[in-house]
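S.K.: Those sequence lines, one after another, are chains A and B. Note that our numbering has the first sequence beginning at 2, numbered continuously upward. Note that our numbering has the second sequence beginning at 2, numbered continuously upward.
Simulated from the structure, these hints should not be mistaken for laboratory data. Each hint should be verified, as a subset may be incorrect.
No copy is singled out in the list; a pair is fine if it fits within one copy or between any two copies.
Taking lysine-lysine and the DSSO-like style, the derived pairs with C-alpha atoms no more than 30 Å apart in a straight line are [unchecked claim]:
no., residue 1, residue 2
1, K271, K163
2, K84, K257
3, K91, K199
4, K348, K268
5, K97, K139
Just so we're clear, the structure is a prediction, and the values are computed from it rather than from any experiment.
The residues making up each chain are set out below.
Protein chains: 2
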Amino acid sequence: MLLNKLSGTFAVLAVTGSLFSQTVLAEESAETPTIFSAEMKATALELKDTAMEAGLAYELDESLSTEVGPRRVGTPGDRLGIKWAVAKMKALGFDKVWTEEVTHVYWERGEIEAEVTGPYPQRMTAIALGGSVGTPKKGIEAEVVEFENFAALEAAPEGSLKGKIAYVSYRMERKIDGSGYGPAVIARGYGALTAEQKGAVGYIMRSVGTDNNRLAHTGGQREDKGVAGIPAAALSNPDADILSNMIRRGQPVTFKLKQSSKRHDKKVVKTANVIGEVTGRETPEDYVILGSHLDSWDVGTGAVDDGIGVTITMAAAKHILDLPQRPKRSIRVVLFGAEEVGLVGVKQYLEKNRAELDHHVIGAEWDFGVGRIYDMKPGVGPQALNAIREMAELFAPMGVSLNAANDAKGDSDLSLLGEAGMPAVEFAPDGSLYFDYHHTDNDTFDKVDPEAMKFNTAIYTMFTWLAAESGVDFRK
Amino acid sequence: MLLNKLSGTFAVLAVTGSLFSQTVLAEESAETPTIFSAEMKATALELKDTAMEAGLAYELDESLSTEVGPRRVGTPGDRLGIKWAVAKMKALGFDKVWTEEVTHVYWERGEIEAEVTGPYPQRMTAIALGGSVGTPKKGIEAEVVEFENFAALEAAPEGSLKGKIAYVSYRMERKIDGSGYGPAVIARGYGALTAEQKGAVGYIMRSVGTDNNRLAHTGGQREDKGVAGIPAAALSNPDADILSNMIRRGQPVTFKLKQSSKRHDKKVVKTANVIGEVTGRETPEDYVILGSHLDSWDVGTGAVDDGIGVTITMAAAKHILDLPQRPKRSIRVVLFGAEEVGLVGVKQYLEKNRAELDHHVIGAEWDFGVGRIYDMKPGVGPQALNAIREMAELFAPMGVSLNAANDAKGDSDLSLLGEAGMPAVEFAPDGSLYFDYHHTDNDTFDKVDPEAMKFNTAIYTMFTWLAAESGVDFRK
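Just need the whole structure built from these sequences, with the hints factored in.
M.R.: Right, dumping it as structure tokens:
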């Protein structure tokens with residue numbers, strides 16, 4: 002996951018008797034007729050049972066992370082991942098499977114060595130931030146200046162960091178909804194650029210992560226305000242502790258960074274969005290869209306980010322493919338490429354498919370890790386709220402609340418389609434553990450919870466089925 | 002911690018009214034007069050309060066792990082650690098501080114690269130086992146043969162592994178008393194030697210660890226049956242999962258290992274046991290001995306293994322030093338050197354101090370991680386059991402049980418003194434988390450629990466005080 006609106010706070014309304022407050026649903030009366038037929042709901046519940054028994058997403062993710070592994074844009078793993086996805090979708094019986102080319106420039110991670118050279122020499126565990134330039138071959142060595150957060154770095158006077166390495170030590174907070182990410186990730190997005198503007202020769206930061214493992218968290222830097230010309234790296238949380246403890250002692254602390262990462266801004270690499278379709282039996286030109294991203298960072302195997310999303314959405318479609326007949330509308334499972342480097346795949350998807358945007362009747366993406374869904378938030382027209390309420394009634398016994406806000410845009414990639422007008426649903430899973438593994442070597446299959454996979458697949462399957470089989474107009 | 006008898010099982014008797022079963026204490030009557038005077042016990046309880054408030058061990062461990070860090074035998078960190086310990090003991094006001102030289106041969110870790118080369122190429126996280134030879138410069142590449150445990154490897158026919166890399170995938174079990182370690186660590190101790198005897202060109206194993214972090218666990222190989230001539234490395238648990246998942250698919254899996262570790266069997270390096278004494282006011286020639294080891298593996302900072310032991314025992318002595326007068330007997334805090342490479346420091350201590358063994362009135366070592374003590378097991382003469390019972394009565398309200406067995410030899414280093422006849426007490430802490438961090442990069446100060454440090458220091462301080470102030474004859 003890159004990030005989108007995880008920093009927001011959600012007003013959560015528990016699903017009990019009345020699902021929306023009077024104010025929200027003022028225009029709907031209690032006597033509104035049922036949107037989904039009894040048969041449709043029965044099928045949804047059958048699909049739930051199927052998903053809860055099958056464990057298909059878990060199996061698929063095991064396959065992806067074992068047979069493919071890391072899939073960073075422009076690497077052999079990325080190309081292998083695309084082949085895997087096409088072959089797997091065909092094997093699962095999707096009606097159509099195709100790829101749409103996505104291009105991006107290449108970035109080379111290279112090697113990294115980091116150490117404190119004085120007064121207490123110690124090796125440090127560090128990782129280059131995405132898009133970082135390298136250091137000179139012999140590295141850079143300079144005094145470290147610590148800032149408690151990005152705002153403090155921003156407030157440093159121009160020129161005050163001349164010849165120094167800037168260090169932001171802000172510690173991300175653990176939150177169920179991932180809302181600790183926003184305040185932390187800004188230091189990754191703009192830290193190096195800002196430090197460079199103050200004269201720094203290098204930039205280091207505490208990892209954007211909630212764990213205490215000696216594995217640093219990589220991730221992209223924002224380039225919308227310019228590209229930093231100084232090397233940028235994250236320290237693991239234990240290493241950031243050690244460094245801050247040294248600095249607290251009052252003597253100047255010198256740090257050496259040797260990093261062979263390299264931008265290849267003119268080297269265009271090809272990747273793809275992989276799309277699998279379940280073709281609708283009545284209005285095949287309209288489709289429910291299930292999103293996730295197929296690319297990953299290179300250090301873990303991408304089993305979590307976003308192997309889980311890839312395989313939950315594939316499994317949801319497969320369970321619907323196994324029904325006696327296709328739903329009325331089509332379903333498109335879109336595995337976006339190049340998400341981690343700035344939602345590149347979905348941007349190119351949007352360019353290519355803008356004329357068809359009205360046919361994306363509703364969408365949902367999974368790009369938020371290992372936990373179970375506990376909340377559902379729609380972003381639909383008012384005429385569709387009763388349909389959403391009926392869906393939520395099916396999810397309520399599973400402990401999923403319905404969010405009173407009706408402003409969902411869709412997670413991650415899909416947020417761009419949501420902003421462009423597509424109706425969406427956001428399913429919020431418990432994200433407490435997500436940022437322990439996010440963008441680290443630790444993003445491996447052993448972190449995937451098979452029971453949560455079943456549970457979440459069940460919800461995606463039910464949602465997708467009801468949206469595709471019914472004629473509900475979700476348009477805003 | 003290297004290992005000693007963690008594989009044993011303990012019969013634990015909860016401390017309630019009667020502390021030993023009738024059979025164990027048949028010779029003691031309920032009317033045995035109090036061993037420790039009311040004043041002594043009152044002082045013990047004051048020391049408890051002091052330790053619970055002070056947090057000294059935690060402070061000292063922060064200092065050791067920040068200012069020194071890793072302390073593998075023969076490295077600059079090891080030498081710096083010795084300087085740190087001497088200076089710190091002097092600053093704390095120990096009556097005498099000295100070092101006793103310890104020598105050992107040098108082993109160089111070098112660099113390591115591991116990967117699966119086919120049929121599903123993936124980078125693997127691996128670490129060289131202590132004492133391993135290196136590979137040729139270009140590495141070795143061979144088919145992997147998996148064994149579920151060491152016994153299965155042992156059972157492989159001679160010559161059956163010719164040209165292969167042997168792989169033991171046994172997974173260590175998490176247990177409160179660390180008893181999962183023994184069945185797992187045998188594959189580290191003798192795996193490479195055994196694989197070589199069957200013709201293997203390399204040896205890999207699942208890490209001896211209970212975590213699921215992508216950080217492999219190093220540790221020593223046993224050399225009492227010979228030195229393996231093939232390279233030996235451990236994979237992190239997630240990597241072992243990936244490799245086993247690949248092998249399960251049935252196609253031959255090839256593995257490449259490039260490792261520049263090197264034995265320097267003729268290069269003798271000097272290290273030391275560091276000893277700090279609280280000199281007794283009546284029988285200074287007799288001493289209570291508190292053990293731990295100052296050396297560590299090189300990948301973490303040794304904050305846990307055994308920074309905790311080093312600093313708990315130093316703090317316990319310091320609290321007694323702060324009393325108005327010295328106890329009757331001396332206290333010796335011994336920070337052993339070269340423990341991780343085979344209890345080398347204590348062996349040389351024993352050679353040097355064998356004539357004085359009778360003056361080691363009783364000993365306790367800490368070398369088992371981050372948890373709280375929940376059990377105390379003595380290894381003393383029957384005449385001393387009532388004294389032990391009275392100690393245990395003071396610990397009982399803290400939730401510490403008294404073990405009915407009276408066969409303690411002392412943990413880790415001290416076990417060799419215990420086997421040589423020294424009375425001992427073993428304090429068992431909750432070791433559930435210990436093998437998550439053990440011998441990995443993750444052995445850092447953030448894993449140290451300040452409250453557990455206070456608690457355990459309190460117990461060590463009380464025990465040490467009562468043993469040093471009383472004239473109890475603990476001899477077996």
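S.K.: Hint by hint, say whether it matches the structure.
M.R.: Structure-based check of each hint:
Taking CA atoms no more than 30 Å apart as the test, K271 paired with K163 passes in neither setting, with 39 Å inside one copy and 43 Å between copies. Proximity of K84 to K257 under the C-alpha cut-off of 30 Å is restricted to the inter-copy arrangement: shortest distance 25 Å between copies versus 41 Å within a copy. For the identical chains of this complex, K91 and K199 are neighbours neither inside a copy (53 Å) nor across copies (45 Å), given an alpha-carbon limit of 30 Å. Taking the closest pair of Cα atoms, K348 and K268 come within 30 Å of each other only inside a single copy of the chain (19 Å); across copies the shortest separation is 61 Å, beyond that limit.
Taking identical chains as interchangeable, the C-alpha atoms of K97 and K139 are never at most 30 Å apart, the minima being 53 Å within one chain and 46 Å between chains.
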